[in-house]
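Protein chains in written order, with this note's numbering: chain A, 1 to 222; chain B, 1 to 222; chain C, 1 to 329; chain D, 1 to 329.
Calculated directly from the structure, the hints in this document are not laboratory data.
Where is the CB? At the ideal position from N, CA and C, for every residue including glycine.
Possibly wrong hints are sitting among the right ones.
[What the hints assert, rightly or not] When the alpha-carbon atoms are kept at most 25 Å apart in a straight line, the in silico PhoX-like pairs for lysine-lysine are as follows:
| hint | chain 1 | residue 1 | chain 2 | residue 2 |
| --- | --- | --- | --- | --- |
| 1 | C | Lys328 | D | Lys226 |
| 2 | C | Lys328 | D | Lys246 |
| 3 | B | Lys177 | B | Lys163 |
[Unchecked claim] These stretches of chain B come out as covered by chain C in the derived footprint (C-beta under 8 Å, 3 or more residues):
| hint | segment |
| --- | --- |
| 4 | 47-53 |
| 5 | 77-91 |
| 6 | 177-188 |
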Amino acid sequence: MQTDALIINLNATQVKEMFLYVGEKVRENKPLLTKIDSAIGDGDHGIGMSIGFTKAEENLKEKEFTTINEVIKTVGMSMMTSMGGASGVIFGTMFIGGVKGLEPHEKLNLPILAEIFEKSLEAIKVRGKASLGDKTMIDAFEPAVERLKQCSDNNKSLLEGLKNAEEGADKGVELSKEYIAKFGRAKSLGERAIGHQDAGATSVWIIFKSMREWVEGLSKHA
Amino acid sequence: MQTDALIINLNATQVKEMFLYVGEKVRENKPLLTKIDSAIGDGDHGIGMSIGFTKAEENLKEKEFTTINEVIKTVGMSMMTSMGGASGVIFGTMFIGGVKGLEPHEKLNLPILAEIFEKSLEAIKVRGKASLGDKTMIDAFEPAVERLKQCSDNNKSLLEGLKNAEEGADKGVELSKEYIAKFGRAKSLGERAIGHQDAGATSVWIIFKSMREWVEGLSKHA
Amino acid sequence: MKKVINNPSDVVEETIEGFLAAYNHSFRKVENVNGITRRNLKDKVGVVIGGGSGHEPLFMGFAGDGLADGVTIGNVFAAPSPNNVQSVAQAVDSGKGVLFVYGNYMGDILNFDMAAELLEMEGIESRTVLVRDDVASAPMERYEDRRGIAGDVFVFKIAGGAAEQGLDLESVAKVTQKASDQTFSIGVALNPGTMPDSGESTFTLADDEIEFGMGIHGEPGVERTKMMTADELTERLMERLLDESKIDSGEEVSVLVNGLGSTTLMELFIVNRKVAQILEDKSITIHDMDVNSYCTTQEMGGLSITLLKLDSELKELYDAPANSPYYKK
Amino acid sequence: MKKVINNPSDVVEETIEGFLAAYNHSFRKVENVNGITRRNLKDKVGVVIGGGSGHEPLFMGFAGDGLADGVTIGNVFAAPSPNNVQSVAQAVDSGKGVLFVYGNYMGDILNFDMAAELLEMEGIESRTVLVRDDVASAPMERYEDRRGIAGDVFVFKIAGGAAEQGLDLESVAKVTQKASDQTFSIGVALNPGTMPDSGESTFTLADDEIEFGMGIHGEPGVERTKMMTADELTERLMERLLDESKIDSGEEVSVLVNGLGSTTLMELFIVNRKVAQILEDKSITIHDMDVNSYCTTQEMGGLSITLLKLDSELKELYDAPANSPYYKK
Ligand SMILES: Nc1ncnc2c1ncn2[C@@H]1O[C@H](COP(=O)(O)OP(=O)(O)O)[C@@H](O)[C@H]1O
Ligand SMILES: Nc1ncnc2c1ncn2[C@@H]1O[C@H](COP(=O)(O)OP(=O)(O)O)[C@@H](O)[C@H]1O
Ligand SMILES: [Mg+2]
Ligand SMILES: [Mg+2]
Ligand SMILES: [Mg+2]
Ligand SMILES: [Mg+2]
Chain A
1 MQTDALIINL NATQVKEMFL YVGEKVRENK PLLTKIDSAI GDGDHGIGMS
51 IGFTKAEENL KEKEFTTINE VIKTVGMSMM TSMGGASGVI FGTMFIGGVK
101 GLEPHEKLNL PILAEIFEKS LEAIKVRGKA SLGDKTMIDA FEPAVERLKQ
151 CSDNNKSLLE GLKNAEEGAD KGVELSKEYI AKFGRAKSLG ERAIGHQDAG
201 ATSVWIIFKS MREWVEGLSK HA
Chain B
1 MQTDALIINL NATQVKEMFL YVGEKVRENK PLLTKIDSAI GDGDHGIGMS
51 IGFTKAEENL KEKEFTTINE VIKTVGMSMM TSMGGASGVI FGTMFIGGVK
101 GLEPHEKLNL PILAEIFEKS LEAIKVRGKA SLGDKTMIDA FEPAVERLKQ
151 CSDNNKSLLE GLKNAEEGAD KGVELSKEYI AKFGRAKSLG ERAIGHQDAG
201 ATSVWIIFKS MREWVEGLSK HA
Chain C
1 MKKVINNPSD VVEETIEGFL AAYNHSFRKV ENVNGITRRN LKDKVGVVIG
51 GGSGHEPLFM GFAGDGLADG VTIGNVFAAP SPNNVQSVAQ AVDSGKGVLF
101 VYGNYMGDIL NFDMAAELLE MEGIESRTVL VRDDVASAPM ERYEDRRGIA
151 GDVFVFKIAG GAAEQGLDLE SVAKVTQKAS DQTFSIGVAL NPGTMPDSGE
201 STFTLADDEI EFGMGIHGEP GVERTKMMTA DELTERLMER LLDESKIDSG
251 EEVSVLVNGL GSTTLMELFI VNRKVAQILE DKSITIHDMD VNSYCTTQEM
301 GGLSITLLKL DSELKELYDA PANSPYYKK
Chain D
1 MKKVINNPSD VVEETIEGFL AAYNHSFRKV ENVNGITRRN LKDKVGVVIG
51 GGSGHEPLFM GFAGDGLADG VTIGNVFAAP SPNNVQSVAQ AVDSGKGVLF
101 VYGNYMGDIL NFDMAAELLE MEGIESRTVL VRDDVASAPM ERYEDRRGIA
151 GDVFVFKIAG GAAEQGLDLE SVAKVTQKAS DQTFSIGVAL NPGTMPDSGE
201 STFTLADDEI EFGMGIHGEP GVERTKMMTA DELTERLMER LLDESKIDSG
251 EEVSVLVNGL GSTTLMELFI VNRKVAQILE DKSITIHDMD VNSYCTTQEM
301 GGLSITLLKL DSELKELYDA PANSPYYKK
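This is chain A alone, in the form it adopts within the complex (with noise of 0.2 Å):
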């Protein structure tokens, strides 16, 4: 039995097998993100994620894979030209855009994790024009990646990352309840909005915790 500590790299298909778990996830929570989505949007996030997914899983279990920048591009491309909405170019830049330029790896650790989310975050902000506290998937994903950062500068394990970087995710879902939107549908809404959870950094949370399971789950069984 391997321990936490050991797991600090992840090799291509490692990284695959996880998305797939991922995809798993989230179009487990279809209804959840459509409910999320309905209260304050037009209701199709759900759809939207499932849609990317769906796509991500019939590329990913296509082909081998020898790098994690293959991987994870894949994942971004899938969502990027299958979703549309606003969350297909976001979600597909959270992936397309931490490995844009990135120089190929074939495993992943979470120093490199850190790179690429951080990358991304960039790119997302620059995209869609909003930040912390905009109620968008800013409001995990921000928080997310500072602690991805933080556990990679103390040398931490991937799992402890990925715990900590849901921790983040889940307490940005929170605040994002906090906070008037300023893009996207629930814009008009105003006032209003106070007390929703945003349907996009629901998402974020759900991506990190599945990941986490996933890693946790390689912990305990290999």
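Here the structure of chain A is known, so what remains is to put chains B, C and D with the ligands in place on it, guided by the hints.
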């Protein structure tokens, strides 16, 4: 106080008043007629009859009448021109048909009423090609007309005649429940129409009932 | 059911006023009755269509070049009165007579026939073609009982085209009758419409039920079943339609997929896709397909499919230009 | 809510297939993506419109002569993906560049902008005009936040007309931008539509309530009130619209009374009647009125009123011929 037997003749103004009262009663029964037509027709019979008698009221009130022919023709023409639908022609004919070609009368008595409605019944049958048992207003009108004739032949009073006609119409409505529709929108229902009374027949009954009520009121209060 | 109306007894007048406010350049009101005519009436047989209102854009939307000249409009689901029909016919008659085209309903027949008698007394000749396209409304043995539904549109088109060609009344009536004989429809109902006057539903259906063959006034259909997929539903409709119409491989048709009110164009396209597949599978040539909500019943949900079997004469008339605010060829 | 569909995830593909089955002679599918283009593309600026589906006949119904050249179609209420937009733009580009015209929604902007970047890398020039007609969606101070609703139709018309005239990309974009700036709409919602996928309602409203200014995806409006008569409702809408648009006596407008789905043409005519009265009372000249359900939200109940303020340039382009299966001038 006048007794029944004394009500032999109604002048044109009284006939006008009587049909104003009939109109009021038909309009009061709009929801009932609509409901009955909804069960096996298209639900507009109450609306149509209401429109017809509203127009009749308008046209009757506007004028002084010297002959009963003119009063009855006015009622019929009002219905014929304003209602549309199957019942516009049929109920229009119920009034126009009987005074067409009839020599002018200043007074209405039972023999004249019986004669008028007998002619109307014929005219309706020619127009609509329906006969007794086809689940139309004829199912109430034909027995009502027969009773009028019988009473007239037996020198009964106008009130007596109307009481009998009302009873005949009422029984006709009951019998109409057992018929399969051969005309109008209930036709396609076949056996399924059984158990439901005909809307037009119900109108005929309301017309005779309120004529009787008005003449009865006259007997009591005159 | 919320309706954007004022006094319910004014809906027909106000509908016509709103129509004319928009299309006043091409149409005018017939005085004293609920009817309209084209402004540029020609020296030709006049085509008059009409019936109860509540089915918009039927009938008003089908007056125009190469279509009807006049429209006589009854109250909601009620045939227009004889004097209404008569006034519209008088307004369009150029001396060459008038063709009445309308759906086969007792109320309409009573009123149009009475109008025809009145017109005859005035020396205006008229002919009548009844539309009896609804194959579900009566079996072939009782063809004369079949009701008219969305197939109206095709028969109006042919009548308008024939009149525009300058044919005489007899000839216009003859080819229009042929079009009527070659027009077959079947519908399915999902949800009721409501009467603007009373707010009452035209029928009731369970949440998971549909009814095949239901009429456009809620007249009972031929079969009530559970909801099914678009493809299954279309197959059921087409099977019955091809069976009743006897249209077979090698023949040519125009198709109308007609929405009954609240059914979306998205759904109608999905049905149309399957209709096209079925016709292609049967080697029936598709001359034209039209996907629209022409013959509605307020916000009723459901649709009908209409086939017009074409020969060369009908095809030429079908393809002739036509132009109204709601129908163009 | 019963929907005549097959697998919910196939609705968009099947809708396009059904559309093309009917109008195949004029349009073709863009390979690999949910998009269509006209068949007879000309050597001119390409006009590409699009957005989420579920609003039929928007957007597909507005491709044709004098209208759009290509349509990029997203999932229900979801903007099309960048590669979808890109593929359609590539398919219509004749070397003279492409104008994108679409409603102002974050999702659409993100996807079209990304497509524009990708196109630029391929040497295809593009410009964008956003439609921001919904005056209820944000106050004038936040004009850039206003959403696009039925006013799309007028802006598409002008863009198509300008491109057809052979103007260069800059000029087409400029006059289209002017049209967008002069297009003002306001809507009222009576009943929700439902998502084909989940069957969920886009919002909830009490049986006797309506909401002014609600968006076409159920975005919250400006005021929830009790149901009122058609005339009162129209007065409320027009007051706000004239106030926001600053359109005044002596000016000239084209009008669109647009149904949101299940609201009947009868009701739209009744509203249009009042719109015409109000404009006449204010001595605002009515150049044209169109009463139709062009921009819908499934079977949503309600309507919007759009005014396009015309100058001579816009008027000429508005009047230019246009021809698509669902829109003609
Ligand atoms: N400009 C933006 N920047 C970052 N995230 C955004 C932006 N706009 C929208 N989002 C995210 O997208 C989510 C909505 O996604 P979705 O419902 O799929 O798309 P749409 O808004 O087009 O319906 C929001 O909850 C929000 O988190
Ligand atoms: N051919 C006919 N002869 C006599 N009465 C008829 C005939 N057709 C219909 N009716 C009467 O008309 C009534 C329906 O009237 P109404 O609902 O107003 O007209 P519509 O059937 O056009 O909706 C029926 O109940 C029936 O009594
Ligand atoms: Mg959404
Ligand atoms: Mg009726
Ligand atoms: Mg009726
Ligand atoms: Mg969306």
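Are at least 3 residues of the segment 177-188 of chain B within less than 8 Å of chain C when you compare beta carbons?
-> With 5 residues closer than 8 Å to chain C, the segment 177-188 of chain B meets the three-residue bar; holds.
Is the Cα-Cα distance between Lys177(B) and Lys163(B) 25 Å or less?
-> Holds, at roughly 22 Å.
Below or equal to 25 Å on CA atoms is what counts here, so check Lys328(C) against Lys226(D).
-> violated, 39 Å
Pair hint Lys328(C) and Lys246(D), alpha-carbon separation not exceeding 25 Å | violated, 36 Å
Mind taking a look at whether chain C covers the segment 47-53 of chain B? Criterion is 3 or more residues with CB to CB distance under 8 Å.
-> This one holds; 3 residues, not fewer than the three required, reach chain C with a Cβ under 8 Å.
Taking a Cβ-to-Cβ distance below 8 Å as contact, does the segment 77-91 of chain B have at least three residues touching chain C?
-> It holds, with 11 qualifying residues against the three required.
In summary, the numbered hints that this structure violates are 1 and 2.
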